[in-house]
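Colleague: With the hints as constraints, model all of the structure from the sequences given.
Now for the letters of each chain:
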Amino acid sequence: MQKNPFREFDQIAPSDLNPESAVRVNGLLSPKRNPFTEFVEDTRKKRTLPMDEILASHTATMDRLTTAYRALIDECIGEGLWQADRKTIESTYAVASQVVGQIDWEMTDIEAFCAHALQSNDAAFFVMEPLGLFLSAFCNASSQPDIHLDLTGHDLRLSLMGYRLRKDITLTIAGDLGDLTGISLLGGYLKVEGNVRHYLGAGMVGGRIEVSGDAGKYIGEQMHAGEIHINGRLGGVGNAEGGAIYHRDQMIRGKK
Amino acid sequence: MNFNDIIQRVWPSVRKRHLFPELPTPEVIETGDETASIQMTDKVIQLNANRLTALAQVMDIEDATTALLDHGVGHHTVCPWDFETHLKLYAALKPVLLDGALVKQVVEYFSDIVVDTHAVRERESKLPEVYRHAESSEVTDVIRALYQRLWGENLGVEDRGEVDRLARIPYLDASQWGDSLRSFAQVIAPLIEKEMGDGNGQGGMMGDVQQYSAGELAEGMAQFAEQGFYAFREMVRDFADELQDANMMPDMGRGKGTPSDADLLFYMARASAFRLPVQTMPLEKVGGLHPHSHSPWEIGKPVQHIDVWTSFGRVMPGISQMWNWRDGETHGDGDGIPDCVVIVDSSGSMVDPGREISHAVLGAGCAADAYLRRGKRVAVYNFSDAQAGGKEVLDFSRDRKRVFFALCRYFGGGTALHLPDLEPLLKNHVDIFLITDMQITNLDSLMQFLIQKENRVTAVHVAQNRDAQRFRQRAAAADHICVYAVERTEDIPDIVLSEVKTRFQAI
Numbered sequence: 001m002q003k004n005p006f007r008e009f010d011q012i013a014p015s016d017l018n019p020e021s022a023v024r025v026n027g028l029l030s031p032k033r034n035p036f037t038e039f040v041e042d043t044r045k046k047r048t049l050p051m052d053e054i055l056a057s058h059t060a061t062m063d064r065l066t067t068a069y070r071a072l073i074d075e076c077i078g079e080g081l082w083q084a085d086r087k088t089i090e091s092t093y094a095v096a097s098q099v100v101g102q103i104d105w106e107m108t109d110i111e112a113f114c115a116h117a118l119q120s121n122d123a124a125f126f127v128m129e130p131l132g133l134f135l136s137a138f139c140n141a142s143s144q145p146d147i148h149l150d151l152t153g154h155d156l157r158l159s160l161m162g163y164r165l166r167k168d169i170t171l172t173i174a175g176d177l178g179d180l181t182g183i184s185l186l187g188g189y190l191k192v193e194g195n196v197r198h199y200l201g202a203g204m205v206g207g208r209i210e211v212s213g214d215a216g217k218y219i220g221e222q223m224h225a226g227e228i229h230i231n232g233r234l235g236g237v238g239n240a241e242g243g244a245i246y247h248r249d250q251m252i253r254g255k256k
Numbered sequence: 257m258n259f260n261d262i263i264q265r266v267w268p269s270v271r272k273r274h275l276f277p278e279l280p281t282p283e284v285i286e287t288g289d290e291t292a293s294i295q296m297t298d299k300v301i302q303l304n305a306n307r308l309t310a311l312a313q314v315m316d317i318e319d320a321t322t323a324l325l326d327h328g329v330g331h332h333t334v335c336p337w338d339f340e341t342h343l344k345l346y347a348a349l350k351p352v353l354l355d356g357a358l359v360k361q362v363v364e365y366f367s368d369i370v371v372d373t374h375a376v377r378e379r380e381s382k383l384p385e386v387y388r389h390a391e392s393s394e395v396t397d398v399i400r401a402l403y404q405r406l407w408g409e410n411l412g413v414e415d416r417g418e419v420d421r422l423a424r425i426p427y428l429d430a431s432q433w434g435d436s437l438r439s440f441a442q443v444i445a446p447l448i449e450k451e452m453g454d455g456n457g458q459g460g461m462m463g464d465v466q467q468y469s470a471g472e473l474a475e476g477m478a479q480f481a482e483q484g485f486y487a488f489r490e491m492v493r494d495f496a497d498e499l500q501d502a503n504m505m506p507d508m509g510r511g512k513g514t515p516s517d518a519d520l521l522f523y524m525a526r527a528s529a530f531r532l533p534v535q536t537m538p539l540e541k542v543g544g545l546h547p548h549s550h551s552p553w554e555i556g557k558p559v560q561h562i563d564v565w566t567s568f569g570r571v572m573p574g575i576s577q578m579w580n581w582r583d584g585e586t587h588g589d590g591d592g593i594p595d596c597v598v599i600v601d602s603s604g605s606m607v608d609p610g611r612e613i614s615h616a617v618l619g620a621g622c623a624a625d626a627y628l629r630r631g632k633r634v635a636v637y638n639f640s641d642a643q644a645g646g647k648e649v650l651d652f653s654r655d656r657k658r659v660f661f662a663l664c665r666y667f668g669g670g671t672a673l674h675l676p677d678l679e680p681l682l683k684n685h686v687d688i689f690l691i692t693d694m695q696i697t698n699l700d701s702l703m704q705f706l707i708q709k710e711n712r713v714t715a716v717h718v719a720q721n722r723d724a725q726r727f728r729q730r731a732a733a734a735d736h737i738c739v740y741a742v743e744r745t746e747d748i749p750d751i752v753l754s755e756v757k758t759r760f761q762a763i
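Line by line, the protein sequences are chains A and B.
Take the first sequence: its position 175, counting from 1, is numbered 175 in the numbering used here, and each next residue is one higher.
Take the second sequence: its position 407, counting from 1, is numbered 663 in the numbering used here, and each next residue is one higher.
Treat the hints loosely; a few may be bogus.
[Claimed, not checked] Using 27 Å as the maximum straight-line C-alpha spacing, the simulated DSS-like pairs for lysine-lysine come out as follows:
no. : chain 1 : residue 1 : chain 2 : residue 2
1   : B       : K272      : B       : K299
2   : B       : K647      : B       : K683
3   : A       : K87       : A       : K46
4   : B       : K299      : B       : K647
5   : A       : K46       : B       : K272
6   : A       : K87       : A       : K167
7   : A       : K46       : B       : K657
8   : A       : K191      : B       : K450
9   : A       : K191      : A       : K167
[Unchecked claim] Derived Cβ-Cβ restraints for the label pairs, each shown as a range:
no. : chain 1 : residue 1 : chain 2 : residue 2 : range
10  : A       : D74       : B       : A496      : 52 to 62 Å
11  : A       : H148      : B       : N410      : 25 to 35 Å
12  : B       : K757      : A       : N231      : 53 to 63 Å
13  : A       : G213      : B       : D677      : 33 to 43 Å
14  : B       : V314      : A       : K46       : 20 to 30 Å
15  : A       : R233      : B       : P446      : 22 to 32 Å
16  : A       : R233      : B       : Q313      : 54 to 64 Å
[To be verified] A few chain B residues that face chain A, going by a derived Cβ cut-off under 7 Å, partial list only:
no. : residue
17  : D420
18  : R438
19  : K757
Because the hints were derived from the structure by calculation, they are not lab data.
Glycine is no exception: its CB is placed at the ideal position from the N, C-alpha and C atoms.
Modeller: In structure tokens form, the structure reads like this:
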């Protein structure tokens, strides 16, 4: 069977680009090593650029958000397991909202934090499920009516994105998402430019969800109101109590 | 205005600021890509005369020249530095963006930013002045706005929303280039895509930099071949123009069963990674004397050694010149390594090297490479149903491309050898490598044929079957035939190479 060529590209770890990991072979630099990086003893005065300040500030922000997320994990999970049941989701979100209120942040930091969390080897991000709730808390606390998050290029799929998305907020997410996307939506507008897994829009009480790609099973499970639109393939519709579910132009659940 | 004089004036100071990189003196070119300010061919930085003339109207020409040179040198010393790093950057982005042309443009813009920021920060470059007068376009304006933010210089461009995200990327941290490039692409790729759609995409702000030597390209490809068959094929497709310009593409024509250039390059690159160390042949005395140099003739020295042509026709001490004679040295009469014939089965039961990696072809390529590197010639007999025309016969050759082309052909169909084809190849005690699954219609005739010969034969069969068993039993009585049964096809190259090594050591 023909293999997907792009799987082979994944074998290059970012660390392969790290000149520090190169080795000397037979007294010569290996091809992986840029010999010009050896000139670290250049004593000439380097110009300080605003870039240095921007990067320092960015690093500090990421550290602050990572610490906050670690606090959330410590409080909600500790040494145990995190399970996506209703009670746990609600209590975790409550703590996340509290944490969000205690730190300084801007919406532009949040997308950078997403990328940072998905790429980081920090132990704080070994438990990824509450991250969707953490990010949802930021979105709901934002004063921006239009939020755009780009999660393309990451293998991991975030779950629980768009939880309780409130009215007057449009959240656009580019990239694939995991389970329980847009659950308990509170009137917001969630646009997903990618695919989602199961339980899309479960328990939503208003608003609109649009998915440009595929969606898994149990779409709109226990939804009360609102609309879900799926343009790709769908795995199956759940037991909705209200609202409407559309597959492309066709309504497949609900009343016109 | 003589730009070459200006280059001669500023080049020493540019080299000094960049810690004396080993680069030849740059040139000015009148023609070439009109949109590019700078090109690099075979390590020679080439500045576009039209661009320099335009810059001379708005800034000091020496500053403009040094700034452009800073950029060119930066590509050589900082990013991407070599083709292998370039391919790694490409590979980090390819699975995300998929479109090869787009990936290459994003990588070019990214490496431009790394190089420019490095030059401004650490090499006191005048590049900001050049960018202040850069031509406007959607992508260029975003990058100029980014430079404005990163460098703290007014480049006369409006701030852009995209810069908020771009400015957070640590461009100068090489250990994070993979992640940084992906973050960069999230913002910049849609803009580049739009420009490409409008027919304006050019890639990089300074021009397309063809900076790699043929050796660097070969080394980079050999390293990248380890990535895998399919990734390599994608890469060759995406870099076809660059490889063509560097004369790296095999370009062996088209026909039934003909391997694609990408497949051929893959097997050539992969085989070179399995290389055996080549032992150089020592110089040896050949016994004869030859006239080596002149010295003045003195009384008492043999008259017959006087060189009449340089002695003005006279025999006078101190004026006449005599020859000094030396022992002749040569590489000798070779090391006794014979040429090699590789017989490879490309019938339907074998893996098509153009569809997935064929370890049989790779093993054959490794054997061929080992002999070619020793200066020996290799012949190829690639067969399926040879009697019905399903065969490729390459006479003894030192042309690596032709050898691999013959090895990589795939015919499919039945399996039978036409032994009269082999007869002329097996003269002079050549070594024979036979790689097959042994499901050969005329196997008995082949066995009889090989047993009668005195050539050393290494037969590698890639499947366990009754025919293979029969071959092993018959070959057991013949000392010059060695049979290897292979459980895993991946082991073929190693088996072939260890056999070749044993032969070289035995000589």
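Colleague: Next pair to validate is K299(B) with K647(B); report whether the Cα-Cα distance is within 27 Å.
Modeller: Not satisfied, since the Cα-Cα distance of roughly 43 Å exceeds 27 Å.
Colleague: Hint says 53 to 63 Å; check whether the CB-CB distance for K757(B) and N231(A) agrees.
Modeller: 60 Å, holds
Colleague: CA of K191(A) to CA of K167(A), is that 27 Å or under?
Modeller: 14 Å, holds
Colleague: Is the hinted pair K191(A) and K450(B) satisfied, with a Cα-Cα distance of at most 27 Å?
Modeller: Holds, at about 22 Å.
Colleague: Should the hint that R233(A) and Q313(B) are 54 to 64 Å apart at their CB atoms be regarded as holding?
Modeller: For Q313(B) against R233(A), whose Cβ atoms are near 59 Å apart, the range 54 to 64 Å holds.
Colleague: Decide if the proposed pair is consistent with the structure: K46(A) and K657(B), CA atoms, cutoff 27 Å inclusive.
Modeller: Violated: K46(A) and K657(B) sit about 49 Å apart, past 27 Å.
Colleague: When you check the alpha-carbon spacing of K87(A) and K167(A), does it fall within 27 Å?
Modeller: Holds. K87(A) to K167(A) sits at ~23 Å (cutoff 27 Å).
Colleague: Could you say whether the range 33 to 43 Å given as a hint is met by the Cβ separation of G213(A) and D677(B)?
Modeller: For G213(A) and D677(B) the Cβ distance comes to about 56 Å; the hint is violated.
Colleague: Given the hint of 52 to 62 Å, check if D74(A) and A496(B) actually sit that far apart at their C-beta atoms.
Modeller: Check passed, 54 Å falls within 52 to 62 Å.
Colleague: Using Cβ atoms only, decide whether R438(B) comes closer than 7 Å to chain A, and label the hint accordingly.
Modeller: Check passed: Cβ of R438(B) comes within 5 Å of chain A, closer than 7 Å.
Colleague: Please verify that hint: K757(B), Cβ, nearest Cβ of chain A, below 7 Å or not.
Modeller: 20 Å, violated
Colleague: Are the Cα atoms of K87(A) and K46(A) separated by 27 Å or less?
Modeller: This hinted pair is violated, its Cα atoms lying about 55 Å apart.
When the structure is compared with the earlier hints, violations turn up for hints 3, 4, 7, 13 and 19 and for no others.
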